[in-house]
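*Asks:* Position chains Y and L relative to chain U; hints supplied.
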Amino acid sequence: MSQIMGQSVTEEVIGDVPLLAVEQLGKRFGGFVALDTVDLAVPKGQRLGLIGPNGSGKSTLVNCISGTLQNETGSVTFDGQRLDGAPAHRRARLGLARSFQLPRPFRTMTVAENIRVPLIYTVGARAGVHLTSSELEDRCMEVLSLVSLQDKASKNPFDLTQVEMRKLELARAMAAEPKLLIADESMAGLSHSEVEDIVALLIRMNERGVTIIMIEHIMRAVMAFSQRLAVLVSGRKIADGAPEDVIKDKDVVGAYLGT
Amino acid sequence: MQFDLLINAIIAGLMLGGFYAAVTAGISISFGMLDIVNIAHPGFIILGSYIAYIVSTNFGIDPIVVAILALPVFYALGTGIYGIYFQSFEKRGQDPLRGLAFFFGLLFVTEVVLILVFGVDYRTVDTAYAGGSLKLGVMEFPLRMLVPALVSLAMFAALQLYMSRTFIGRAVMAVSQDPQALELMAVDPTRIKRIAFSISMATCALAGAFLIVIQPVLPSSGREYIGRVFAICVLGGLGSLPGTLIAALLIGVIESIATTFYGPSWAPAVSFGLLLLTLAVRPSGLLGR
Amino acid sequence: MNTPKFTLVLAAVAAALFIAFRLIGNDYLFFAGYTVLQYIVIATAWNILGGYCGYVNFGSAGFFAVGVYSTVFFYNVGQQYDVPLPIPLLMVIGGIMSGLLGLGMGYLTLRLRGVFFAIATLALLVVIETFVVNWPYVGGSRGAYIIPPSEIPVLGVFIHYLFLLMLGLVVLSLVAARTIERSSLGIGFATIRDDELAAEASGVPTLRLKLIATVVSGALFGMAGAPFPYYIGYVEPGSAFNLAYSVNAIAMPMIGGTMSWVGPMVGALLLSTLQQVITVTISSAANLLITGLLLIGFVILAPKGLVGLWQSFTAKGKRS
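Residue numbers (my numbering), protein chains in the order written: chain U, 1 to 259; chain Y, 1 to 289; chain L, 1 to 320.
Chain U on its own, in the form it takes in the complex:
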């Protein structure tokens, strides 16, 4: 892949419609411009890393893609469908899942019950079937064992460690059987081997056909995982291309070191 600066890689994807196409996306909060005409095209099956300093708009971008926030300008197209104004739950059912940067578990439910929610309301609703309680339990345990939380199934999320809560957050997104998974800083605070485990897990998911966008600060993980890297600074995409090229780009280095 050649190095491309400040442009999306749509030209590279010949013939195929990208799974996710973000075009000229803009979002403001009052007078503050959080996102400024962001373009991003993600082909099916790609592992995209998204990095940027704190406050650069990464989470806002995720929120606009997932429907948690509605963008003011520009558009989001997923799997060929324009998502203008579509509520988050509809996007989830179309196959777009995201985890939250600060874990948001359902606090009056157990860990297992937390996983049941996307199983019922995304997977089940999407297929139009009513899953039986034994099916639910089995799938629940399957998902929990992917993140090694099966022993904590009956615990309350707030009895888990910070690290376990992050894993639960990721597991809940995975349980929705998405086509595109956006993992928002899922690895903060994890140990070296735990980071490796999660990266391996995400790569396995990707090999099974899930397109993944990873937002991270842990560069080791980002470099090990990403086939392509995009950089967001102050609401603008300033670089987009092969990871080894992007990290050497002088604008990117400048943004992180503050020249």
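Keep in mind that the hints were calculated from the coordinates and are not lab data. Just so it is clear, CB atoms sit at the ideal spot from N, CA and C, and this is done for glycine as well. One or more of the hints may lead you astray.
[Stated by the list, open to error] Here are some chain U residues the structure puts well away from chain L; computed CB gaps all over 12 Å:
1) T37
2) D84
3) H89
4) L94
5) D151
6) V163
7) R220
8) V222
9) K248
10) D251
[To be verified] If you only want the chain L side, here are some residues facing chain Y, beta carbon under 8 Å, derived:
11) F116
12) A120
13) L309
*Replies:* This is chains Y and L only, laid out in the frame that chain U set:
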């Protein structure tokens, strides 16, 4: 003939609106800036009315002066209530339902205590200027409305100055937008919130005095102000004191015109209906963030 | 226990209660019991939106009053055209009216944060009251008289009939609440209460579910209010829009426990009985005061209500 009526309805509305601004100022702070849904606020205003009534009737002091003397008492009350609120709800990160229920309970208890102590009769005060009015051509300014309106505007101006010029005032504006920034500046957000809430409670003393100067008061009078207060707050834009003032004047005028031409029984529906409309159409209000 | 079995058990308990009261033969039991039953329905109705979804309704009295005044309206219509409507039908109509009100109001305000919904319910209460007060056909501020029949076939005494109807409504509400709680709908409601954004991200159609909750809640309020004119005989806005309904609708579930169908029932039974005792022995103002203080106390000290206290008590027992 109608024109005279309209002019005076507007004037009465403006004065009423000035008073409403005083009533709402506290909520603008506690709800607009601190995100604390203190629906007991109108109840405390009525409490202020009754305190003004008792002291004024027994010692012959003007009720508004009584209120000014009572400011520290209400300030302390606000500090106490915020303390309980903070310990029981905000600190524990409880769902907002509990906080709401707490204030609802407070509103209710306040009203009932007033009924037990004072009974359900109307109370009113005699002021030096009651009954008199300022006349300018066809325009008439009843003093019992003009004086509270003017003092209210003064109070409002004082609040606005405080919020924009003093360190604590600006910290309050900051805490509503970015509590973490405050922590980074080594300012305790909790302390700032406590001060702001206490100020909002203190305004109840004055607003209560204004109320009883303008009209007779019942323990249940607070109820009709709940919707009004939030209507004004939402219409004006949460957290904007100038917005609150404009919205208050607007609602005062609309209500006054409705009352003059359609009768008093429709007045409550005006502000409450406006609130529903605003929530449905433009929840951020006229000047909101 | 599955739903049909639960329904049967509950119906059997209700029938036994009714028969027992008939045997005791004191009509006061029916009059007082009616109020308690009414509050069980009100508390359960409130809890479906408030406890399960976390959306507080401060204007319960308004939804209740819509049921009351819908009956007054149709009673007057019935008198005018000599087509008296049976009370069960009036209950259904009252439920539909209040349900529609919930739908309309929900549609306007449920897209906003829960706090704005709560404030809007207060506003709605006053708007409805103002309309009713200004509507002469249903009596306006002067009030309206409803004359119940002096005798009822089969049962004989009219209040027994009303009591039986309310018993039926109690069974309906409790079954509805329990069924919702145990279904995926109930799980959806709980996610809305716990974290609405995460719920949406997990595929829960939050607006749709909130509307369902508002409609069901409203309908139950309306059905509870519909027989009230027959119970009280003279309806005026002060009694129909009594703040006590709004406070009790919140206090009873919060004191009993908001997480399940049991809490509102427990809260209603205890609080309602307590209120009757206090009103008779001390005064009705003292009664309101104590209710308010209990609400504040429980909200601060025992947020999970009596049911929650009971659960921690028995859990501690098991651990030791």
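*Asks:* Of all the hints numbered above, which does this structure not satisfy? Sort the numbers upward.
*Replies:* 3, 4 and 13
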